[in-house]
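**Student:** So you can see what is in the structure, the chains are spelled out below.
There are 4 protein chains.
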Amino acid sequence: MARKRIGLWLIGAKGAVAATAITGWIALKKGLVGPRGLVSEMPPFADLGLVAWKDLVIGGHEIRDASLVESAEAMQATSGMLSTRDLARCRTELLKVERNIRPGTVLNVGPTIEQLAGAGVRRRREKARTVVRRLQDDLKAFIDQHRLDNVVVVNVASTEPPTEADVLPARWSALSKALDRATPCGVPASSLYAIAALDLGLPYVNFTPSLGSAAPAIDELARQRGTVHVGRDGKTGETLLKSVLAPMFAHRNLEVMSWVGHNIFGNMDGQVLDSPANKRSKVASKDQVLSQTLGYQPQTLVSIEYVESLGDWKTAWDHIHFRGFLGTPMTMQFTWQGCDSLLAAPLVLDLVRLTERAHRAGSLGSLDFLASFFKSPYGVETSDFFEQFAMLIKWSSGVATR
Amino acid sequence: MARKRIGLWLIGAKGAVAATAITGWIALKKGLVGPRGLVSEMPPFADLGLVAWKDLVIGGHEIRDASLVESAEAMQATSGMLSTRDLARCRTELLKVERNIRPGTVLNVGPTIEQLAGAGVRRRREKARTVVRRLQDDLKAFIDQHRLDNVVVVNVASTEPPTEADVLPARWSALSKALDRATPCGVPASSLYAIAALDLGLPYVNFTPSLGSAAPAIDELARQRGTVHVGRDGKTGETLLKSVLAPMFAHRNLEVMSWVGHNIFGNMDGQVLDSPANKRSKVASKDQVLSQTLGYQPQTLVSIEYVESLGDWKTAWDHIHFRGFLGTPMTMQFTWQGCDSLLAAPLVLDLVRLTERAHRAGSLGSLDFLASFFKSPYGVETSDFFEQFAMLIKWSSGVATR
Amino acid sequence: MARKRIGLWLIGAKGAVAATAITGWIALKKGLVGPRGLVSEMPPFADLGLVAWKDLVIGGHEIRDASLVESAEAMQATSGMLSTRDLARCRTELLKVERNIRPGTVLNVGPTIEQLAGAGVRRRREKARTVVRRLQDDLKAFIDQHRLDNVVVVNVASTEPPTEADVLPARWSALSKALDRATPCGVPASSLYAIAALDLGLPYVNFTPSLGSAAPAIDELARQRGTVHVGRDGKTGETLLKSVLAPMFAHRNLEVMSWVGHNIFGNMDGQVLDSPANKRSKVASKDQVLSQTLGYQPQTLVSIEYVESLGDWKTAWDHIHFRGFLGTPMTMQFTWQGCDSLLAAPLVLDLVRLTERAHRAGSLGSLDFLASFFKSPYGVETSDFFEQFAMLIKWSSGVATR
Amino acid sequence: MARKRIGLWLIGAKGAVAATAITGWIALKKGLVGPRGLVSEMPPFADLGLVAWKDLVIGGHEIRDASLVESAEAMQATSGMLSTRDLARCRTELLKVERNIRPGTVLNVGPTIEQLAGAGVRRRREKARTVVRRLQDDLKAFIDQHRLDNVVVVNVASTEPPTEADVLPARWSALSKALDRATPCGVPASSLYAIAALDLGLPYVNFTPSLGSAAPAIDELARQRGTVHVGRDGKTGETLLKSVLAPMFAHRNLEVMSWVGHNIFGNMDGQVLDSPANKRSKVASKDQVLSQTLGYQPQTLVSIEYVESLGDWKTAWDHIHFRGFLGTPMTMQFTWQGCDSLLAAPLVLDLVRLTERAHRAGSLGSLDFLASFFKSPYGVETSDFFEQFAMLIKWSSGVATR
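Chains as they are written, first to last, in our numbering: chain A, 1 to 402; chain B, 1 to 402; chain C, 1 to 402; chain D, 1 to 402.
Isolated chain A (complex conformation):
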């Protein structure tokens, strides 16, 4: 089999997660760093024939006037990833990726994100169909220019205000027609990117809480076009811990009376989430893990607050009040101090490899077995991280033996 060349197309390609993923990928290829933090580099996935890092080409859409190199330098200053010297070694390659980045769309992203958009992004009201076509032209040009066998489109853009999935028509035929209407169709940008990708038969990954491909009509499109999609909202910190700890309380028959989680951080994602509408998407995504695992609904509180001085360092404090035998209340508290983009970036790279592999193996529609990567995995019943991880291992065994 000839080696495949695979594209990774990032929506939000100059943001912190994207800049970290791109820089990290370059550092990996150059041997400046090892495979730590990458799930797909662990032994169970060694024989799957995942795409090699050197066979990846990266491009993307971005709405801001930003410099990828500067984004990477800012991340380096905040997070301490790589040394200044090693980052300098990645510069030429970063500039090469930057040349593959095209202006995105702000259609239906809401006012908070819209005001981040640079002059290069057309602010006039376009028809949704026009936008989709333009996005597809960008993807097709990327494929042609780099002679790619496939492109995985990954959304790592800022979180949009919530759009309930049922606002969109249930069937693809109806949704497709809606895109042609001159009047605003309400389909958020994240879904337009998804449609653009899936309609071309390309896999799509929604790493954010935005709607993306989470509507039945879009899943239908994916299946029609013979491709796959997965989401949503990468599970990197507090929610990961919830999905790990809640099963422990459940298996010990301990009653969780209340679970309070306060998250503070100061990157651009935090700035966008500081807008109440955008924050709603995120909080909803973080808050369903418990009832699913415990079988009842404890009192929960989830806050996400923008604290500028923290930059990319997401700090979460969780207070879990529980009781067991004879009813005495007890307490567990944790604090998590993680550098958000450094936790997210390797998962983005993993998802490209695993999604591409599933597509190659003939999967269709949403990919259940990737649930452990997401806060709100499409159509998956369990919130238990270890059950979700077992699904990944099982899929991997299945693919490996084929």
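You may find that some hints are simply not true.
[As the list claims (entries may be wrong)] Keeping only pairs whose Cα atoms sit at most 35 Å apart, straight-line, the calculated DSBU-like set for lysine-lysine is:
hint : chain 1 : residue 1 : chain 2 : residue 2
1    : A       : Lys96     : A       : Lys29
2    : B       : Lys29     : A       : Lys394
3    : D       : Lys177    : C       : Lys394
4    : D       : Lys177    : D       : Lys140
5    : D       : Lys177    : D       : Lys127
6    : C       : Lys140    : C       : Lys96
Hints are computed from structural coordinates only; laboratory data are not their basis.
Just so we're clear, the structure is a prediction, and the values are computed from it rather than from any experiment.
We have chain A already, so just place chains B, C and D on it with the hints.
**Tutor:** Just chains B, C and D now, with coordinates in the frame of chain A:
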């Protein structure tokens, strides 16, 4: 099938864990409390035909001059378990159990525990064989008096100083002879209780870090007598969390650089552990979880300190220093504030039911499937709580379908 | 000098703080507990001639249909204060105090508090003047019945929504006229109680964030009537710590970049504060300490959330992000797990003694030297707890030498 | 008055604290950083005529074969102080300081420190007197070469094992004779440096828990030579917080039942403290703050553990168990994550300025007013940080008005 009457024989029957387990069992029978905190009361175990609470009879050995009622009242004052009124309702039954408690042995328990012993416990040097016979006489009298079908012996006594398993002869035949020697044989009390029970064909559970039945020769005895045993060291707090969190770091390919755990508490267990020799047993038991799960040995520190004011409230602070993609160090910290005896007591009751059931089902020797209850499960390779719990569920399905 | 008999009149006399203060006072008089937690019992105040506990008589206003004995029992169950037996010993005296409790007013308390009011509280719209007269009649009857030399009125009722001080007329003459108007005057209940007390020449203490006597017109009234007042918002937990820690950062020239404080608790105070309007009063009161001490405004976040399972246990997590020499960010976090009413009640008793003593010594108007007891002390510039405490010591020396 | 040129002579001149202080001083002079973190730069000290940064010259003693530039680069990598670029700008000046660094002595430093010494340090057993003379020759050469008006000698070397002060003769005459003996005199290196400095009339600051000038005989020497000294053990983290929080508990009449403090960190200081003998010095220094402030001795635990991955990031967890009115136990916990050298370095620079100023103003012997900088201030009764800080302010006013 006629209803079975099952005995629970507690070694350390007036200590905090025993007093809590006994009080809780009485409260359960009286309907004063529900089944929260009891693993064996959860749906997966509903059809196993576990012994009913009302069919249990409790007795035990104790070396201290103490009052069970007073122990229960002290626990109530410290932990707030039950109301004063409900505790008063349990008084008559507590006195009934107290009449089933016999003086234990202090042979080879080490000086710290020895000085806790009351006048009722013979301090003269007996031969090990004599001690075992006396313990067996107590067990046989208990069985006769209450016409019991089986008795599960559970060690919840104070932690002895470490006795390495290889100090004991590897074969039962040799160990049995050593018990007959007039000179001190070095077999710790916890093992004498185990031998007494297993030699009578009774199941034995080691809920402490003491040696108990953890020697090959004693496992051989259990198999010869057609019975079962399991241990050691009930997993109730910090180590439970280690066995839950370490797999998360492993599955995300995050490198744990260091894991520091400081435990403070002030009950009698704490007092005994304040003695360096006794503490060594405990720390060893708590510190092996990580390397087993992670596949490498991070720097670890485990301290257990006696802080009188905390009473039964075991407080643990853990600091986990880890790094992933691109090497930036990150931190998770947790504090656990649990009432130790309230966490341990229901597990003791669960283990009686599950061990008795396995014995009834024809198991032999040490019971792997109960690994999730222990810090250092005999002969089990995995330290991953969820893998261990899956073993329990699998056993349960197997038994249920028989 | 004949011994003085002093009254303590509690607004919110059956709430958690009041029930705790009353029960504690009875226990103190009976010698069931010692003086721990009482500032006024420390050596610097030994020679001030403060009123003896046995010379106090307690009564108050309350709007809810509640039982003082039941409130005390509920507090005992939640907080573990006293033993069940000792509480029973206080019962007769509690019932005696209960007979001194009269229905309060809900005029301008806002809807959240209004719906807590019992049938005994007149819900029809009265003129403010009528309300004040009725409150004064209750106070006068209390004085007469118990032949009291003085009465200190202390507000420990639920927090009202904010009323800006400048909404009220600046002069007492104008405010007094407003009380006579038939149309609603907007003066909140907390201020009506203050007016009722001060107009009778009685000292008034505002232990809550409600307006109370914090308006210039009411201070004028106090001075005219030759009496004293002080407030507001007892400093018992997180804010106490802010006023202790912020000076440390200031004195070491460390820059506090952000200070986030999340408070969770589940008592009635918490329920009332769950209403956004009422919460605003509290958050404003908690948030000014830092800028005053540091000399600049770091980014701050203060949340107060109702978490039912916590009851009276107020848990605060504070995250302080600071930097010093060469600019590297560092972090201090603390969690405070305090039983709110147990921390507040002794301060209420202290304030009665100290306020009465200042009144006796001829002070007039607001009492600066009590600033260390309050989150937002009237007219005091410093938020530094230790500077505030030095003011108390200095006053004490002055009074003692007179 | 002609501008004074003042020397700072660091014992341990290439260690982390020294490298940070030197780099920071260069950055200050170059205007690369502001005065944050420097106490002496705050308004109360503006008019004292403290030595200007540009009038300082730095040199010192060091026992290790190390490079100051590399030490500074290592600190930059660990702590993120300055940017790589700004550090590069300091390089020339760092090399200039490095030329002023002379080999120190390892006489009586104990085996842990001794094995750190480089080839340049004479390991043969010298007479103490010979060592002192050599150290003095270095100081005199430094003064001559840079035409200095004064030199402040500051000990920032690794912590020696404890030498009880009473091991040394009580009088300087006797101690002086002991230095001449051929047999080992037991006077630790830290004291030899102190003697060398004070005997030349130079001020001496002991920033470590080592003995230094803490013996009466050495204080006598200082007074005889008309100079000043101060120590010991810079108060930068956990103990600073103890000295801030303990007064709060005292002033609220809250009983501290237990105070547990666990410290973890991984720099060279930590490595040396990992040796039990050296650790004893430190723990003793950290553990006396509480009883002094509270007036009674709560149960305390202080641990310091070496955790390599933390580098210079000292993390402390403190658990404070207290009770107040009616006896219910409550809890405060804090975690402190500070970069140790960045907290210590500015205090070193402050102490040089303040000590030199006191010397200039005619002070003699140990300097009480600097107590707020130290864990165990020589001869000062109060452990209350705010009382100590008030002493500094008072001294400052006295000097300013002269």
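**Student:** Tell me, in ascending order, the numbers of any earlier hints that this structure violates.
**Tutor:** The structure conflicts with hints 2, 3, although it agrees with all the remaining ones.
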